[in-house]
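Visitor: Chain residues, written in single-letter form:
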Amino acid sequence: MKLIELKDVTKSFDDGRKKIEALKTTNFSVEEGEFVSIIGPSGSGKSTFLTIIGGLQTPSKGKVYINDEQFSELAEKERAKKRFREIGFILQASNLIPFLTVKNQLQLVNKINKEKFDIKQVESLLSDLKIEELQDKYPGDLSGGERQRAAIARALYHDPSVILADEPTASLDTDRAFEVVEILARETKKKKKATIMVTHDERLTDYCDSVYIMKDGVLNKK
Amino acid sequence: MFLAWKEIKYSKTRFALIIGVVVLISYLVFFLTGLAYGLAQENRTSIDKWDATGIILADESNLNINMSMFPKDQMDEVDAEETASLGIASSVIQLEEETDDDSKINVTFFGIDGDEFITPEITDGDMFSDANEVVGDLSLKEEEGYEIGDELSLAGMDTTVTLVGFTENSKFNVAPVLYTDHETYQHIRASGFGEREEEIISAIVVRTADDTLEEVSIGTDDLELYEINEFISNLPGYNAQVLTFGLMIGFLVLIAAMIIGIFIYVLTLQKSSMLGVMKAQGISSTYIGKSVVGQTFLLSTIGVLTGLGLTLGTGLALPNAVPFQNNGLFFVSITTLLIVVALLGAFFSVRTVVKIDPLEAID
Ligand SMILES: Nc1ncnc2c1ncn2[C@@H]1O[C@H](COP(=O)(O)OP(=O)(O)OP(=O)(O)O)[C@@H](O)[C@H]1O
Ligand SMILES: [Mg+2]
Numbered sequence: 060m061k062l063i064e065l066k067d068v069t070k071s072f073d074d075g076r077k078k079i080e081a082l083k084t085t086n087f088s089v090e091e092g093e094f095v096s097i098i099g100p101s102g103s104g105k106s107t108f109l110t111i112i113g114g115l116q117t118p119s120k121g122k123v124y125i126n127d128e129q130f131s132e133l134a135e136k137e138r139a140k141k142r143f144r145e146i147g148f149i150l151q152a153s154n155l156i157p158f159l160t161v162k163n164q165l166q167l168v169n170k171i172n173k174e175k176f177d178i179k180q181v182e183s184l185l186s187d188l189k190i191e192e193l194q195d196k197y198p199g200d201l202s203g204g205e206r207q208r209a210a211i212a213r214a215l216y217h218d219p220s221v222i223l224a225d226e227p228t229a230s231l232d233t234d235r236a237f238e239v240v241e242i243l244a245r246e247t248k249k250k251k252k253a254t255i256m257v258t259h260d261e262r263l264t265d266y267c268d269s270v271y272i273m274k275d276g277v278l279n280k281k
Numbered sequence: 031m032f033l034a035w036k037e038i039k040y041s042k043t044r045f046a047l048i049i050g051v052v053v054l055i056s057y058l059v060f061f062l063t064g065l066a067y068g069l070a071q072e073n074r075t076s077i078d079k080w081d082a083t084g085i086i087l088a089d090e091s092n093l094n095i096n097m098s099m100f101p102k103d104q105m106d107e108v109d110a111e112e113t114a115s116l117g118i119a120s121s122v123i124q125l126e127e128e129t130d131d132d133s134k135i136n137v138t139f140f141g142i143d144g145d146e147f148i149t150p151e152i153t154d155g156d157m158f159s160d161a162n163e164v165v166g167d168l169s170l171k172e173e174e175g176y177e178i179g180d181e182l183s184l185a186g187m188d189t190t191v192t193l194v195g196f197t198e199n200s201k202f203n204v205a206p207v208l209y210t211d212h213e214t215y216q217h218i219r220a221s222g223f224g225e226r227e228e229e230i231i232s233a234i235v236v237r238t239a240d241d242t243l244e245e246v247s248i249g250t251d252d253l254e255l256y257e258i259n260e261f262i263s264n265l266p267g268y269n270a271q272v273l274t275f276g277l278m279i280g281f282l283v284l285i286a287a288m289i290i291g292i293f294i295y296v297l298t299l300q301k302s303s304m305l306g307v308m309k310a311q312g313i314s315s316t317y318i319g320k321s322v323v324g325q326t327f328l329l330s331t332i333g334v335l336t337g338l339g340l341t342l343g344t345g346l347a348l349p350n351a352v353p354f355q356n357n358g359l360f361f362v363s364i365t366t367l368l369i370v371v372a373l374l375g376a377f378f379s380v381r382t383v384v385k386i387d388p389l390e391a392i393d
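Protein chains in written order, with this note's numbering: chain A, 60 to 281; chain B, 31 to 393.
What the hints contain is simulated information worked out from the structure, not anything from laboratory work.
Note that beta-carbon positions come from the ideal geometry of N, C-alpha and C, so glycine has one too.
Once the Cα atoms are required to be at most 25 Å apart in a straight line, the calculated DSS-like pairs of lysine-lysine come out as:
1) A:K189 with A:K248
2) B:K39 with A:K162
3) A:K170 with A:K136
4) A:K173 with B:K320
Footprint (simulated), chain A over chain B, 3 or more residues, beta carbon under 8 Å:
5) 32-42
6) 310-320
In isolation and in its complexed conformation, chain B is listed as follows:
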């Protein structure tokens, strides 16, 4: 480390530039990770909120909750520790007094039974208690400026609903969720599918204490039980999104690490005559190699941590509408991965150090 530090201190500009490149690349990686994670979360936060074990959908829906519907009384045949009925309907809302297209917002209505376990915690205002009252995702307030008491008109319907409260982290398919009771939900859903006599729901959410579905029985062939994770990864577009970003980030990490490795390699080649002199004096390849690896460690650690700091700072400064979200686990693993792969690159340079012939230092 003695040699490594002294050299960095001596060639400040050169190493500042290298660290600068590392900072920029790791900033890019971390920032993209935050965005990808935030976006992925917006597909699923409302589901994660349930802390559910499984979900029951109509057998013919092919895991697509939008295509799943069945009579609510089928719930009686389901045997599980905790169950909750859920009706889903996409819609477009708008403040009643507004008419222009820009003010329309895509939302998903969750029709729920106020006393079942998927009922959200209210952070602001009250729970709905009457027909045509809704509780909305907090982003409606933070990003759209909605307030408690606002009247919302729904596309294709004459009635309006009243916003009575807000709840955090409730997005489904990147759109805010509006919770309402089953009665209101039946009206909204009917505007798309036509009125029916019986109450219709989309899914039954199941929670068990031991987190397995072994004890759950559904009692009919018309329904199908899925693990909640399987349901999430089959949300429309979700897997494709996660895979795309995952690959991009993976490649970026590799490229970043290779760039650090190449820099170190070029630096080592440049110094080879000096290293030859050191070896002629009897300084071992092990000592020189250690200082090359140590230097890589210093450069990559300083660079990656600065990049991480910049990302966290940017995260604070970003407007709410940007789906950026920090994830400690991802950030820690990417930090480690970047440093480890850079060190692997340094080992290539150590090989050249070993191969340098001290005899060439003479003459």
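Next up, chain A with everything else stripped away, as it sits in the complex:
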């Protein structure tokens, strides 16, 4: 089943003087349980591609489907709601809230959804990621690798269908980076997510099912 699908999507920016085609006409899809990575030089359009899938910006042309539902043409508020439900973001500098402990980061999701907080579920997720004993620590007290694992836990916690990771290993050394990517790959399979990871480091793509190369706004399979 296709969890992510892009049909004839383009994105161009017009700054008044000249038009930049950040993303040329793209058709693309990711299946359930598939781990895809995108590599490419700086400025080639990787982040643009990822944020369009995540609904943070809308395509100039074409349509984005998430979990078989038209996403890119929803109103801003609806898109935010669907994003909260269906998409887990993992960002370069980690998307953790500095004043919440690892446990509270996850609890926040329950608070927003007005659900009961299930500590068992939290503990099993955290032990999956081997950060169980860190649940009462603040992000500032964690190492870079631990922080990214906590961020993965946060992204997985509300059980989204799609995981989008923009250079999740940029702040880590090679060993930690491999560890984090391995976890991402494992969780993608185990929990049947569709995961896209943008990275600079080609060695990390060993764990991926397919690798795409972005160059000047054109996406090609490697």
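Use these hints to put chain B with the ligands onto chain A, whose structure you have.
Guide: Below, chain B with the ligands alone, put in the same frame as chain A:
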């Protein structure tokens, strides 16, 4: 509230400082209010004690009771449910055995008829029953150490008066009141204005059951009837005092609330990249906005209530001579006002939250 509380708990020092500023400012506002109210009361407690509806003064006195005088027998022409005659005279008293200037006290004599309704309740000692006996405001005992039986000499007079009792809350124009009978009053007043044949009074105090003056007739053009509130607000200096303090307190409330608002605004700006990340995750502006407003509510409530507590505590510890007085109504409205205006300030921060672009969280 979840986010709001967690953040306060995490950045304890920062929020303690903000709350500290709120506490100090609200303490200042409450304390000033207590002082202003207490001072205002000292102009009028003796009048409030009457629980009167109106007052009749000489027409030419221009609402100034010190300039009002007319023969006591004009009272016969006044038709109202309850009337009471009142003579007023300012004077300076001193314990008979003392001679230095420091021991002199400004007072106002109220000459009254012992069986009319403005007769004060005695809290200590007895009502005057003979000429040259007086009942004084309790502050004379609490602040000056006067006692029952003391002989008081009056400036410009050879006679002395005897203090026979005390009554509470009797100040007029910020000075204690001494009650005495009309006969004694005529002597005291005469020392200032010269002896007259007829008995002279300053005012007739009127009380009606329905609290209106419609049924009251005064029967002569020489007198004029006023609402008691109009009389109070025309006491010399009273209105100017109330206005000055009122404005000061009003501005303080505004400034205090703006400071809270600015703090919250700066905090929100500082957090904007984090808020961008939250919005990228799909957390709604409404949720974030609610927690900003909730946090402001927590900070201002904790701060303002602590300030109020400090004020009440200080009020207890103050010496009697300080005209500080609590007023529940004022304190409750200032508390509400401070919190509400601080919340208004928080809504400005919510606007910035709405404007944050989640796209900026990426890269
Ligand atoms: N909001 C915008 N307005 C104008 N141009 C933009 C905007 N966002 C991106 N671009 C342009 O689109 C192109 C692609 O940018 P993008 O951020 O997607 O690159 P990237 O592949 O993520 O680069 P990096 O590896 O450095 O993160 C760049 O030329 C960039 O200048
Ligand atoms: Mg990028």
